[in-house]
Structure formats: structure tokens, C-alpha cells
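S.K.: One-letter residues, chain by chain:
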Amino acid sequence: MFSSVKQALESLGEAVLFFIKVTSLALRGKADLNNVFDQIWKVFLESLPTTMLAGFFVGAIMTVQFSLQIEAFGAMGYLGGLATSATFREVGPLLIAFLLSGKIGAFTAAELGTMKVTEQIDAIRCLGSDPLVEVIVPRFIGIIIASLFLLVFGLCLSVTGGLLMANVFANINAAEYFRHIPSIVSGYSIVSGLFKCLVFSFVIAGICTYLGYFTTGGARGVGLAVIQTAVLSMVSIVITDWMSSFIFDSILRSAGIL
Amino acid sequence: MLEFRNVVKKFGERTILNDLSFKTKKGEILFILGTSGTGKSVLLKLIVGLLNVTSGEIWLDSEKISNFTEEELFSVRKKCGMVFQHPALFDSLTVFENVSYGIRPHLSGLSKSEINQRVIESLEVVDLGEDLLNKKASKLSYGVQKRVSLARTLALKPEVLLFDEPTTGLDPVTTQSVNKLILNSSRKYQSTSLVVSHDMDSALTVADRILVLSKGEIVELATPSEIRESKVPLVKEFLSEVLDREEAESV
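Taken in sequence, the protein lines are chains A and B. If you want our numbering, it's the position in the first sequence, counting the first as 1, plus 147. If you want our numbering, it's the position in the second sequence, counting the first as 1, plus 1262.
One thing to keep in mind: the hints can contain errors.
[Unchecked claim] Derived list of chain A stretches under chain B, where covered just means 3 residues or more per stretch with a C-beta under 8 Å from a C-beta of chain B: (1) 257-269; (2) 272-279.
[As the list claims (entries may be wrong)] So the derived label-pair ranges between C-beta atoms look like this: (3) B:G1431 with A:T363: 35 to 41 Å; (4) B:K1397 with A:S151: 20 to 26 Å; (5) B:S1502 with A:G370: 38 to 44 Å; (6) B:E1376 with A:E157: 45 to 51 Å; (7) B:K1450 with A:S151: 30 to 36 Å; (8) A:W389 with B:F1284: 58 to 64 Å; (9) B:K1326 with A:L399: 45 to 51 Å.
[To be verified] Calculated pairs, DSSO-like style, for lysine-lysine (alpha carbon to alpha carbon, straight line, at most 27 Å): (10) A:K153 with B:K1272; (11) B:K1341 with A:K189; (12) A:K177 with B:K1341; (13) B:K1398 with A:K250.
What the hints contain is simulated information worked out from the structure, not anything from laboratory work. Note that CB positions come from ideal geometry on N, CA and C, so glycine has one too.
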């Protein structure tokens, strides 16, 4: 029991140090820009179709659920505003981030893990380069930027999904759907959603690069890194979701905005 | 040239290398044989700083290199080129990009034309032509990948070549050609070579000296002809298959 707690704390310490080192290298502009753009492009293109699909259906689901609830109160005119607000602030970033953690996170952990167990990472060191600079930092920045764009893109598509479902399911036209969005979806909702998207991007990028880079034990180790990435990312996303809501609300309250 | 002084390497409580001391001669090919898990690959990784020694010292050209920092290891890694057990090529890069990886302008100070020439020269040593330059590493056969991997290390023009099980997983014909490559590259660049292997046949053919490890300790260090006369049980075991085959061939 004591030894496993000690081991968990050591891993946490190692992860924090890794995260600080990679962030510091990224901020100091150590990575090759071409490599970074390659990664952004690769991650974005590979995950765009799934994100579009997820975003669309998140919006659709929210609309269906809200319409079931508010129909009894005769407040269907507010459907667009309520569904969009809830999707932007909470459900959209959360569900799309879950999907991205499985898609981008697991893929990157598998890619880095394979590089580690087939000695490519060691080869980079032996050829006089730093694998953190050559391999990790470009992926780290690439995943953060691409995930952020994908999350925002997914949120925008959720509005389309919501609109279509409102039209089909509740017979509400576009003008009706959009009417109360400006009054219900406040700037706070949008900024809060974007802030969460940024936090989730960091979580996905940090966890998959760390677990991939420290993979040991051949093919089994790679499989383990992929599973750990998927599980840990999802748990961390839920925890950081609560934390970011709490911190964001506290900041706004202390500033007198809320 | 390269010297181990009482080197000990432990992973936790487990001792992998125990009080290892030996010295290489300039330009020699030293084969390191031993059963699996006896610390052969660990020995190579200690030289290039992929692992740190627990105690003892490693010296390269009258400089103590054990426990160097990552920055200090840069010069060691320029001198000691390592060829890994896996080809360890970067799949998404071409053969040219792979071979020139360690001599890119910001690392070597070489011009583009010098890099081109060095890449072609290195590929020639491993019997590969310019037609492969633009092929992706992932499209190559395993044997060719091994050659490209050796070319990538040779492009650094290292003083010491470290081979980690270069013939593992290869058929007898490719094994023979890899042995020839080790011999050619060592002689061409007059580099000292340390070859970790299980293959006594290759060792007797290529090596100047053979070091046999058992449970992290040296049980024999001798020339191939002396090894044939060795009374050490583990060496005899390694030799038995080779001697049986030679006897069958003579019959």
C-alpha cells in the first residue's frame, strides 16, 4: 500500500517536471516551426471528421433534451438559447474533449510509445539531438493548437445540429431558434467554454506526450500507455472541468462581473 | 581508447554489471558475447550515456565520461556512434533525411553539398545506391533498414562504433553481409568497434578479440584463436555449435 502510494507520487512528480520542462521549451521557441505546423495540420485533419460528427450530435442531443423539458411550459421559443448556452458552457467542450482524448491522445501515446520501444527516441539522443525538442514539443504545441481549433469548430457545429433537430423534432424555424440566443448565451458563456477548451487541450497534450515518452516494455507497454492515456485523460478532463468552472466563476465574482 | 574501470550497474537491488574492467585498443573489433539478460546492451548504453553507471568509471581518450550531463554527452555521442538492435529509423522520413539526421547543418556545421556527399558516401559503404535516397524508411525491407541505420551512424564518422545485436532476426545470408559491413566500416574509418552479439560464429569470423560476459562479470577476454582453446564452460557452450558444424563440414 505504502509503496504504491509512493510510486504514484513519484510518477506525479515526474509528470509535473516533464510538463514544466516541455512548456518551458515550447515558450522558449525551441521547436522547429515547420515541424510544429506539420503536427497541427496532421492532428487537425485526422480528427476533423469525428469532431464535426460529435459536435453536430452534441447540439442535437441537447436540443432534444431541452425541448422535452420546456415544451410543458410553452417556452419553446427559448429552446435555441437554452440548448446553445448549455452546449457552449459545459456539455460541448466536455464531450468533444472526451472524443479527442480517445482519438488524438491514444494515437499520440501509441506513436510515441512505439518510437520509445523501437529505440527511435534513444537514436535521436545518440545522433546529438534532444528528443524533447525534436519530437515532444512539436506534438505538444500541435495538439494544443489543433485541439483548441477542433473544440471551437465542434461547438460551432453543435449549433447547426441543434438547429436541425429543433426544426425536425419541434418544428421550430431558424429565426425562432436564433432569436433568444444573444440574450441567453452571454459573453461569459462563450469565454467560459473557450477557457475550458484551452484547459482540455493542455490536459490531452500533456498526458499523451508524457505517457508515450515514458513507455517501457515492448508492445505490451505501448498498449498499456494507450489505455492509461485514454482513462487518465478522461478522468483529468472531468476534474479540470470542475476546477476550471470553479476558478473561472471565482475570478468573475471577485471582479464583480457575475 | 575506451576503458571501463570497476564499473557496476544496478537496477534497484538487481546488479546487472559487476565490477567490470577492460580496455579496448584503437581500431580493434571487440565482440561482447553472453547469454540474454547478462548486461551486454546495458554496457553499450552506459558508454553513450543512455544509462548512468552506479559506480566505477568509463574513460574515452583520457577523459572520464561516466555520469556526464546531457550537454557534455554531446561530444561523446559524436565520437561514439551507436547502431541499435532495431533499425530505429524514423518512418516518416526518407532515407536521405534519416542518414543526414545527425549531420544536419545546425548539428555538424556542414554545408548542404557536404551533407549530400557524406550521405552518399555512407550509403556506399553499406552497399546501397542513390536510388534509395527519396524512399520512405517505412517502405524498406528489414535488411535494408538495418543497412540504412548503419549508414546513419557512419555518416557521423565516429571514432567508436557500437553495435547492439546487429544480426539478431536476420537470415544467414544477410547476417554474413552485415558481418562484412562491420568489418568494412571499421577498417574504412579505422574506428574501434564494440559488437554485442549472441553469435559466436560471427565473432570468430570478424572479431579481433572476444569478451564473454556471464551474470554481469567477464569470464573470458581473448582473441578468437585463444577462445577456441578456452576451458570456460560458458565459452565451450557457445563454441560447441560452431565446432560441431565445422566438424560436419570437414567430414
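S.K.: Decide, hint by hint, whether the structure agrees.
M.R.: Evaluation of the provided hints:
1. 257-269: holds (count 4)
2. 272-279: Three-residue rule met by the stretch 272-279 of chain A, so holds; n is 6.
3. B:G1431 with A:T363: 35 to 41 Å: Since B:G1431 and A:T363 have Cβ atoms about 21 Å apart, the given range 35 to 41 Å is violated.
4. B:K1397 with A:S151: 20 to 26 Å: 48 Å, violated
5. B:S1502 with A:G370: 38 to 44 Å: This hint holds: roughly 39 Å between Cβ atoms.
6. B:E1376 with A:E157: 45 to 51 Å: Given about 46 Å between the Cβ atoms, the range holds.
7. B:K1450 with A:S151: 30 to 36 Å: Since the Cβ atoms of B:K1450 and A:S151 sit about 53 Å apart, the hinted range of 30 to 36 Å is violated.
8. A:W389 with B:F1284: 58 to 64 Å: 59 Å, holds
9. B:K1326 with A:L399: 45 to 51 Å: 59 Å, violated
10. A:K153 with B:K1272: 21 Å, holds
11. B:K1341 with A:K189: Violated, at roughly 36 Å.
12. A:K177 with B:K1341: With a Cα-Cα distance of about 25 Å, the restraint between A:K177 and B:K1341 holds, given a limit of 27 Å.
13. B:K1398 with A:K250: 25 Å, holds
The structure shown violates the earlier hints numbered 3, 4, 7, 9, 11.
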